[in-house]
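Using the sequences and the hints given, assemble the complete structure.
Number of protein chains: 2
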Amino acid sequence: MTKNIFENFSNNSPKGESFVPVQRAKYDFAVAYPDPESIPIDGLTNSISEALSREGKDLAIYPDKQGYPPLRQFVAEKLLLERQIPLESNEIILTSGSNQAIYMTAEILLDPGDVVITDDFLYSGTINIFQRFGAKILGIPSNNLGIDVECLEKNIKKLTKEKNKPKLIYLIPTFQNPQGWSLDLEKRKQIVLISKKYSIPILEDDCYVDLSFYGENLPSIKSLDPECDVIYVGSFSKTIAPGMRMGFLTAPEEYLNRLRRILPSGGVNQFASLAIYHYSKNSLPSHIESINKILLNKKNTMISALEEYFGKNAKWNNPNGGLYIWVKLPKHSDTSIAEPIAFNQNVGFLPGVLFSADGFSGKNKMRLCFGFNQPKEIQEGIKKLSNVFYELDYL
Amino acid sequence: MTKNIFENFSNNSPKGESFVPVQRAKYDFAVAYPDPESIPIDGLTNSISEALSREGKDLAIYPDKQGYPPLRQFVAEKLLLERQIPLESNEIILTSGSNQAIYMTAEILLDPGDVVITDDFLYSGTINIFQRFGAKILGIPSNNLGIDVECLEKNIKKLTKEKNKPKLIYLIPTFQNPQGWSLDLEKRKQIVLISKKYSIPILEDDCYVDLSFYGENLPSIKSLDPECDVIYVGSFSKTIAPGMRMGFLTAPEEYLNRLRRILPSGGVNQFASLAIYHYSKNSLPSHIESINKILLNKKNTMISALEEYFGKNAKWNNPNGGLYIWVKLPKHSDTSIAEPIAFNQNVGFLPGVLFSADGFSGKNKMRLCFGFNQPKEIQEGIKKLSNVFYELDYL
Chain D
1 MTKNIFENFS
11 NNSPKGESFV
21 PVQRAKYDFA
31 VAYPDPESIP
41 IDGLTNSISE
51 ALSREGKDLA
61 IYPDKQGYPP
71 LRQFVAEKLL
81 LERQIPLESN
91 EIILTSGSNQ
101 AIYMTAEILL
111 DPGDVVITDD
121 FLYSGTINIF
131 QRFGAKILGI
141 PSNNLGIDVE
151 CLEKNIKKLT
161 KEKNKPKLIY
171 LIPTFQNPQG
181 WSLDLEKRKQ
191 IVLISKKYSI
201 PILEDDCYVD
211 LSFYGENLPS
221 IKSLDPECDV
231 IYVGSFSKTI
241 APGMRMGFLT
251 APEEYLNRLR
261 RILPSGGVNQ
271 FASLAIYHYS
281 KNSLPSHIES
291 INKILLNKKN
301 TMISALEEYF
311 GKNAKWNNPN
321 GGLYIWVKLP
331 KHSDTSIAEP
341 IAFNQNVGFL
351 PGVLFSADGF
361 SGKNKMRLCF
371 GFNQPKEIQE
381 GIKKLSNVFY
391 ELDYL
Chain L
1 MTKNIFENFS
11 NNSPKGESFV
21 PVQRAKYDFA
31 VAYPDPESIP
41 IDGLTNSISE
51 ALSREGKDLA
61 IYPDKQGYPP
71 LRQFVAEKLL
81 LERQIPLESN
91 EIILTSGSNQ
101 AIYMTAEILL
111 DPGDVVITDD
121 FLYSGTINIF
131 QRFGAKILGI
141 PSNNLGIDVE
151 CLEKNIKKLT
161 KEKNKPKLIY
171 LIPTFQNPQG
181 WSLDLEKRKQ
191 IVLISKKYSI
201 PILEDDCYVD
211 LSFYGENLPS
221 IKSLDPECDV
231 IYVGSFSKTI
241 APGMRMGFLT
251 APEEYLNRLR
261 RILPSGGVNQ
271 FASLAIYHYS
281 KNSLPSHIES
291 INKILLNKKN
301 TMISALEEYF
311 GKNAKWNNPN
321 GGLYIWVKLP
331 KHSDTSIAEP
341 IAFNQNVGFL
351 PGVLFSADGF
361 SGKNKMRLCF
371 GFNQPKEIQE
381 GIKKLSNVFY
391 ELDYL
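Listed in order, the protein sequences are those of chains D and L.
With the numbering used here, letter number 319 in the first sequence gets 319, and the count goes up by one each step, no holes.
With the numbering used here, letter number 109 in the second sequence gets 109, and the count goes up by one each step, no holes.
Each hint should be verified, as a subset may be incorrect.
As the list claims (entries may be wrong) - These stretches of chain D come out as covered by chain L in the derived footprint (C-beta under 8 Å, 3 or more residues):
| id | stretch |
| --- | --- |
| 1 | 49 to 60 |
| 2 | 88 to 102 |
Said to hold, decoys possible - Computed far set for chain D versus chain L, every beta-carbon distance over 10 Å:
| id | residue |
| --- | --- |
| 3 | 45 |
| 4 | 111 |
| 5 | 331 |
| 6 | 383 |
Just so you know, the hints here were simulated from the structure itself, not pulled from any lab data.
The beta carbon of each residue, even a glycine, is placed where N, CA and C say it ideally should be.
The structure is reproduced here in structure tokens:
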């Protein structure tokens, strides 16, 4: 039977090398972990105990497909207060992390050959999702104020003329992953106008907005104009824990209707929803305040270490929030070559090409995440990493 | 912008009426709830407290994409012991309920127009999944020993001749939903031979096997022949709680490789995985024993009530496990007409047509679930339901 195996699979089933579990370095600047010391273990334990004693029998019931209503109400109130997005809780869908929210959005919008416009560099997991639906990714150059809006519109015009109008503009406007910048307010407004002019919806991925070290955030794109079709995605992964797998989305009603029809029948994890809701209603704001102090300290440590060990041939941004520093090494550098060498020295980072919309740019760039290690380790790890780059003649 | 809205969506995005939240009757024989009094609330609370105090910091880490390794190991040992399926834990993928396991299997196997062979009546959620991938469902008649194997092979032969060989045989061989029977051992063996002869994989959905009231189960299809391509799916929804959203699958390596490539990047819910693992390793076997006593009592109560109130014009099976009784009313009955009338009397059930593979058979049939209500309520509810049917002249 095995000889015929390949005819058994669907045409779009991705092939390729077998899955390799992620390996982790001691100095792990690679994966986007929050601070493990700040996981609110006692808070979650108390919350789930309280929730189960009150509502545990409800676990017998297949959960609401859009997700646990009190948690949706909590998200609605948070989005009104902090992102100026007025919502009913029925306009919110809880998802298994932001990943499922982006996946579902791609599923209702994209057909093979469709174009999705993104930043020049973005999280590779998101690129993979769009590619799963056969989409072509068009990355637009950005600087420290975000995407080049003129170039964005020029490309939309050109593609529209070629009868291949983009189906979606995907943006992480706040503390962008991996580049760390926040999209300028004026640019946010211009993009809203472009979205309306060409009738192309925006997917605003606002997963990092809570990790704002200095307290102020630019308005969400979704809040700027209720007439603009913005699908808005958020997450508890960076504020409570990735292992809780809890994200959410909201969108204009026409989109919500399509999304509701593809929801898995069991909805999102009810057990985790109970814990997150009971924890968040009392403790989330103060918890976020405390993790931002910790992250600011870690970021400052990493910036100081870069200044001390990386010298003047490398450049990096100094983000106001989020988890990432985006480093540019001299042009001849190749971070994909350096990555396994650094890993042998117990230092992990992600090479820039992993994030490139075109699949090949970013050879001399890399993403460092300052969330996981403690400050002393950050200092040690950056020193070790600089040694790797010096030996490769990159610094 | 709204006038152009429909051009924004993908061609396969399901349209249709807006989502209506499920309404529940007091006597809820409709949805497949387990006994709410048996949700192991204290056990889960203690388990998650223990797990978080030991491993809570690991929530900071994006979980293993295949799922929490100790829980996979637990599942491997359980499947070896109880279903005679020898496995490494790396051959198991944890999923968000069995729903995601079936969805992912459909995703790697099915292209639009492909045929999936099923029982004549099966869970509508599964039908929906196959249809989402554009598959045609071909239901094969069954009796109280399960699917008609001769008819199965005749159809495969015919379709193969028409160059449309079925891509998948989907079966719930044990305590079938909604029909309650278990597939006869001889038929299991014949189906394995057919699967190999025509090179068509089997998806064995074994979600109900733990709910075995008399302790003995027929061997799993997967255990009968390691050369047969069987994707095997199980779940904790019926033994611990649906709200935990925890299922699992295993499959031959070629299938696992495809499945690993479409796993969501965050894996299954880690928080729920921790609770389930720490609960299950000590308590699952005794918990299953105790819920089976409760369910057997409820089943016997429902059977007695049917005998008392439904008289001789209706027929039903008396299952050895699972959650369902499948009732056949006289031919002129229409359970879709009766359903809203019964609902007004606070009795819920699901009409047979909801389960029919062809979308129209089963007009005079219905599924009763005896899991949710307490015995006294079961008796009351069946009496009320019989009154509805008498007034409609169905009994």
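Problem set entry | Hints that the structure is at odds with (numbers, increasing) | Result: hints 3 and 4 break, sorted rising.
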